[in-house]
Amino acid sequence: MSASLARGLRSPIRRILNISQQSREISTSLIHNDTIVVKNNDDFVDKVMNSDRPVIVNFHAEWCDPCKILTPKLRELIEPLDNLDLAVVDVEDHAELVHTFEVKAVPAVIAIRDGLVVDKFIGLVDATMIENLIKKLSGNKPNKEKEKETAS
Amino acid sequence: MAPIASQYDYDLVVIGGGSGGLACAKEAVNLGAKVAVLDFVSPSPRGTRWGLGGTCVNVGCIPKKLMHQAALLGEAINDAQAYGWKIASPETIQNDWSALTEAVQNHVKSVNWVTRVDLRDKKIEYVNGLGQFKDANTVIAVMKNGSKKELTADKIVIAVGGRPHYPNVPGALEYAISSDDIFSLDTPPGKTCVVGAGYIGLECAGFLKGLGFDATILVRSVVLRGFDQEMAEKITNEMLDHGVNFQFKCIPKSIEKKANGKLLVTWINTESDTEQQDEFDTVLYATGRYALTKDLNLPAAGVEVVPENGKIDAINEQTNVSNIYAVGDVLQGRPELTPVAIHAGRLLARRMFGNSKQQMDYDNVATTVFSPIEYGCVGLSEDKAIQKYGADAIEVYHSYYKPTEYFIPQRSIKNCFLKTITLKEAPQKVLGLHFVGPHAGEIIQGFAAAMKCNLTMEILMNTVGIHPTVAEEFTRLNITKSSGKDPNPASCCS
Numbered sequence: 000m001s002a003s004l005a006r007g008l009r010s011p012i013r014r015i016l017n018i019s020q021q022s023r024e025i026s027t028s029l030i031h032n033d034t035i036v037v038k039n040n041d042d043f044v045d046k047v048m049n050s051d052r053p054v055i056v057n058f059h060a061e062w063c064d065p066c067k068i069l070t071p072k073l074r075e076l077i078e079p080l081d082n083l084d085l086a087v088v089d090v091e092d093h094a095e096l097v098h099t100f101e102v103k104a105v106p107a108v109i110a111i112r113d114g115l116v117v118d119k120f121i122g123l124v125d126a127t128m129i130e131n132l133i134k135k136l137s138g139n140k141p142n143k144e145k146e147k148e149t150a151s
Numbered sequence: 000m001a002p003i004a005s006q007y008d009y010d011l012v013v014i015g016g017g018s019g020g021l022a023c024a025k026e027a028v029n030l031g032a033k034v035a036v037l038d039f040v041s042p043s044p045r046g047t048r049w050g051l052g053g054t055c056v057n058v059g060c061i062p063k064k065l066m067h068q069a070a071l072l073g074e075a076i077n078d079a080q081a082y083g084w085k086i087a088s089p090e091t092i093q094n095d096w097s098a099l100t101e102a103v104q105n106h107v108k109s110v111n112w113v114t115r116v117d118l119r120d121k122k123i124e125y126v127n128g129l130g131q132f133k134d135a136n137t138v139i140a141v142m143k144n145g146s147k148k149e150l151t152a153d154k155i156v157i158a159v160g161g162r163p164h165y166p167n168v169p170g171a172l173e174y175a176i177s178s179d180d181i182f183s184l185d186t187p188p189g190k191t192c193v194v195g196a197g198y199i200g201l202e203c204a205g206f207l208k209g210l211g212f213d214a215t216i217l218v219r220s221v222v223l224r225g226f227d228q229e230m231a232e233k234i235t236n237e238m239l240d241h242g243v244n245f246q247f248k249c250i251p252k253s254i255e256k257k258a259n260g261k262l263l264v265t266w267i268n269t270e271s272d273t274e275q276q277d278e279f280d281t282v283l284y285a286t287g288r289y290a291l292t293k294d295l296n297l298p299a300a301g302v303e304v305v306p307e308n309g310k311i312d313a314i315n316e317q318t319n320v321s322n323i324y325a326v327g328d329v330l331q332g333r334p335e336l337t338p339v340a341i342h343a344g345r346l347l348a349r350r351m352f353g354n355s356k357q358q359m360d361y362d363n364v365a366t367t368v369f370s371p372i373e374y375g376c377v378g379l380s381e382d383k384a385i386q387k388y389g390a391d392a393i394e395v396y397h398s399y400y401k402p403t404e405y406f407i408p409q410r411s412i413k414n415c416f417l418k419t420i421t422l423k424e425a426p427q428k429v430l431g432l433h434f435v436g437p438h439a440g441e442i443i444q445g446f447a448a449a450m451k452c453n454l455t456m457e458i459l460m461n462t463v464g465i466h467p468t469v470a471e472e473f474t475r476l477n478i479t480k481s482s483g484k485d486p487n488p489a490s491c492c493s
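The listed protein sequences derive, respectively, from chains C and D.
So in numbering that gives the first Met the number 0, spot 58 of the first sequence is number 57, and the numbers just go up one at a time.
So in numbering that gives the first Met the number 0, spot 217 of the second sequence is number 216, and the numbers just go up one at a time.
This is chain C alone, in the form it adopts within the complex:
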């Protein structure tokens, strides 16, 4: 556990050195892996594009019923992981991001690693596809199996 905590410590420190941050946001990333709420473009560049960890970016809208199924599912699967982040972007508030990533429909899921798009899904995808994506990005087995490992 301490190894992963140390890993968690290093990335925010790098972020402090790069760009000035509000301390509130850094402490959140240190204590537990909360979903990233993107505030603006600079925030996105900083927390997603410049992140050491891969980030799954979920484009979401309040009026979109499939989003109401997918987003909680993504949170449930990704929040427990310490080497993969989830960022939720509300399409009504982030027109430029929507344009940059050519999001034409919601829900959309874009996987970003080292500032590059490595995968993209449009529409409600089933749990298997999400789990495969998570496996691909984090090298982690899906949550349930990991718990069994640490328990044994």
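Bear in mind the hints are in silico, worked out from the structure with no lab data behind them.
Mimicking BS3-like on lysine-lysine, the simulated pairs with C-alpha atoms at most 30 Å apart in a straight line are:
| id | chain 1 | residue 1 | chain 2 | residue 2 |
| --- | --- | --- | --- | --- |
| 1 | C | 103 | D | 122 |
| 2 | C | 103 | D | 121 |
| 3 | C | 103 | D | 143 |
| 4 | C | 119 | D | 108 |
| 5 | C | 38 | D | 122 |
Given the coordinates of chain C, assemble chain D onto it according to the supplied hints.
Frame of chain C; chain D shown alone:
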């Protein structure tokens, strides 16, 4: 992107982000123009507002069709039992208004979003401000927070559409709602009084009754004025059979709010000159729409309007000012329909920026009233055909018909009726097609294309029908009004 006409900010500024305005803007951009679109929604008297896309997307065609569908599905659940579906307690089946309006509004918002994304992708500048003319080449957009933005343009298109008319009846402005509000009403409308028997009034009363609400329509003169009156009568009869309460030749006198929160509507029967009253939860005004030209400050640009209704009497969509055009509901004497505005907007853009000479053909535009029993038509009404050609020069083929699906649930076929109006002289050119029945909109569409190809009765009679459908009835018509023979069908399949 630099404008082609470089002394202005834009080649084209479109005032109004609805069906006509957006179609014109998108086509113009395809042809290389630099375009800006202004769109702004002033709140309704009840405070309702909405996003980009215009009347059709937000408070017209789209939500209307969805609510009509909701009502039809309610009927279908009933019919399903006759077809063997076991429904536990049919009497407990009811519609959840807030679930319905949430679903409808979610869809509307998704369309608003896709529209905005589309404008951005096509590099059309979108300004969320109320447009006003400063001069013939300058428009000032006033934003919600009061800030202003000035845009100069070579050409300007006015596509501001219209809004529901609130008359000078005591209590109307304070207590009544309109089609602007019904599709997002936060409480179920309850027992509703609809003032107006045009297609908006009929459609609203129709789906409200279908969803389980008591509905009364106050009809000033006739139902569906301007439409074929024989067909209007069929719709009225069907709605009466459905339980909609019509008060003919009645006009509202006042609307008061009672202590119990209900609205007391007093109306005058102009035929018997008597007064009547009833209590309602909601009063919905659907007595016509007015063009939104007053806020444009048109005098600054020198654009003239028709004084009675504020509409623009354009010739080939051009106003009296050579660089200013108009498209959509704001035009005088043109069908107020989304596809008309879209098509005219596109053709206009092609003439402005693409060297096209093609003008919009406003004749033989098909349309459908989505009343509980739908009415689709293309071409002339019987009255207009008689007016234009004389009763002796025309022939009307008519028939009642029985949709196959109606037998099992024993649905009434009393008002399932269609007719074709033709010239008497061979090959009997078709002047108008009229259909009352299920799926009328889907049925009439193909015939609109046939009309454009100069459809004649000879061709129609030689067309083999698809069986069993209701559309095939157009190919089976053979009884004329003039023969006096009974237009009721003997049996199917012969």
